[in-house]
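Undergrad: Here's the letter readout for the chains.
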Amino acid sequence: MSTGEGNDKLLPEEVAAIRELAKRYPDPRAACVEALKLVQSRHRWISDGRLGEVAALLGMTADELDGIATFYNLIFRRPVGRHVVLLCDSVSCWVMGQERLLEHLRRRLGIGFGGTTPDGRFTLLPTVCLGFCDRAPAMMVDEEQHGDLDPQRLDAVLQSCR
Amino acid sequence: MERPLTSNILPGEPPLDLAAYERAGGYAAVRKALKSLSPEEVAREVTESKLRGRGGAGFPTGKKWSFVPSVKAVPAPRYLVVNADEMEPGTFKDRLLLEGDPHQMIEAVIVSAYAISASAAYIFVRGEYRLASERLERAASEARERGYLGHDILGSGFDLDLHIHTSAGRYICGEETALLTALEGQRPIPRAKPPYPQASGLWGRPTVVNNVETLCNVPHIVNRGAQWFRDLGRGEDGGTKIYGASGRVSRPGAWELPMGTPLRELIEEHAGGMRPGFGLRAVLPGGASTGFLTAEHLDVPMDFGSVEKAGSRLGTGALIVLDDHVCPVGMLRNLEHFFAQESCGWCTPCRDGLPWTERLLAAIEAGDGREGDLEVLEAHTRFLGPGHTYCAHAPGAMAPLQSGLKCFRTDLERHIREKSCPYRSQ
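One line per chain: the protein sequences are A and B, in this order.
So the first sequence is numbered by the numbering used here: it starts at 1 and just counts up by one.
So the second sequence is numbered by the numbering used here: it starts at 1001 and just counts up by one.
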């Protein structure tokens, strides 16, 4: 998969958007998580180069920002697939048969939690409760929530992801 | 039955826009408060309503506000922060309020910020609630255009800036001091208290952090009065509560009902009872960090005092139902896995103790449990209990474990004795 490491500069419009975000707060560093999310929404993950640029824009050191980036499970510091599948592993989904779904996903995609399919199509990650417990078991794919999952429904969702 | 919080929310329909919200009586509380009441009068009404925090701890809201120093003692700025980082497993009530009626949230922020003389407010929304944050942004920009936000609101001299902050995961961000640390753009670990946020919160300024559902009550209290609010409840706590249920019940969902509605009514009436073929084993009454209740507690009214008397906590009022087809040891292992993973790692008992409980429970579940394991687990419920850590994360994690060691004693002992999980070998 292309990681873009050769050209991992922020685009001028990203720089402008990050400066705009920073204006919401008395201290620009308060915008750091939103800035990382903004970068990630375009590039799917945060490379060292872009992390360093975001840090410099917000008056932080790269290490400081990395300590924050690695704390959050929805900030990716390694390349991920075109679609990120977040399968809820919290208690309501577990009670409703989440383990069976995970088994199905493992077989279907040939990867476990933390893995990316060789074609770069899917990355599979666990997530905590998505607040979709009335439709457990649930998952989130590329920011879309899906509930009442069984293997058939899960396959249908995966098929819709190119 | 009155449902002030959810009366504008229609399943499957988009939320009311500003014009429709106003036609339904919206922003009347802003006009009433800013034009005819002083901040102290708004705060007094909330205190007299006996509104208690709906985020899980149940702290009286008026009292929380009362610890904010006067404007004379500590000049501006000061902040109101809305905790919309709803991540307590099993809980989905704030999502309903944010997606279903975002203008109610915005109005609640304006009136509450006025009461504590805050000039800026932040709504801290968990990253996964993208629809909620989009709808809040839209509602906030409509409110700004209409003059409900910004400079000199309705000619009252009161200014308020509102920002929607979207986060990126991690349960600990919902802990009120970790949330402030997160909002400042630092690694989100909780702070030692005191000082409390009201004295030194966001950027060291006086700050109040309130839960979504808590604040959404405020406009209604301002409009209808403290007495009306108190009378909504069935027991000693006033108001309504958004209860929820997940697990193998016939109709999982969330319902706004009088505070103090009994557990039995929630499960049997609103959730439609257990699914055919499944029996009720136990219930976590208010999210993952509350203790188990069992069938003998079904008549407990779901208010703060009554659930506490029954040995648990109302928490978020989100029932997680354990049925008789699922292994309770597996459920305990799943719960402690969650807490171990979500520990911020700052305090040793939490960082090292929680993974230990998870490993022991996993071993017992897998048939590798040993004599003495249950005693080690019991010791953890003491060493990780209140008073040993900066925040309530580890004590919260111990609530289901401590009660589970009692409720599921026979199951735990059987796993150890028979060296297998009876639920898996079925």
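Check each hint, because a few of them may be wrong.
Claimed, not checked - Lysine to any residue pairs mimicking SDA-like chemistry, simulated, CA-CA at most 25 Å apart: (1) A:K37 <-> B:I1153; (2) A:K9 <-> B:R1138; (3) B:K1193 <-> A:R29; (4) A:K23 <-> B:I1153; (5) A:K9 <-> A:K37.
Hints in this document: simulated from the structure, not taken from any laboratory.
The structure displayed is predicted, hence computed values, not measured ones.
Undergrad: A:K37 and B:I1153 were given as a pair; does the straight-line alpha-carbon distance stay at or below 25 Å?
TA: violated (33 Å)
Undergrad: Does B:R1138 lie within 25 Å of A:K9 when you go C-alpha to C-alpha?
TA: violated (31 Å)
Undergrad: Keeping to a limit of 25 Å between CA atoms, is the pair of A:K23 and B:I1153 held or broken?
TA: Measuring from Cα to Cα gives roughly 22 Å; hence the hint holds.
Undergrad: Measure nothing beyond the straight line between the CA atoms of A:K9 and A:K37; if it is 25 Å or shorter, mark the hint as holding.
TA: holds (16 Å)
Undergrad: Keeping to a limit of 25 Å between CA atoms, is the pair of B:K1193 and A:R29 held or broken?
TA: holds (24 Å)
In summary, the structure is inconsistent with hints 1, 2 from the numbered list given earlier, while agreeing with the others.
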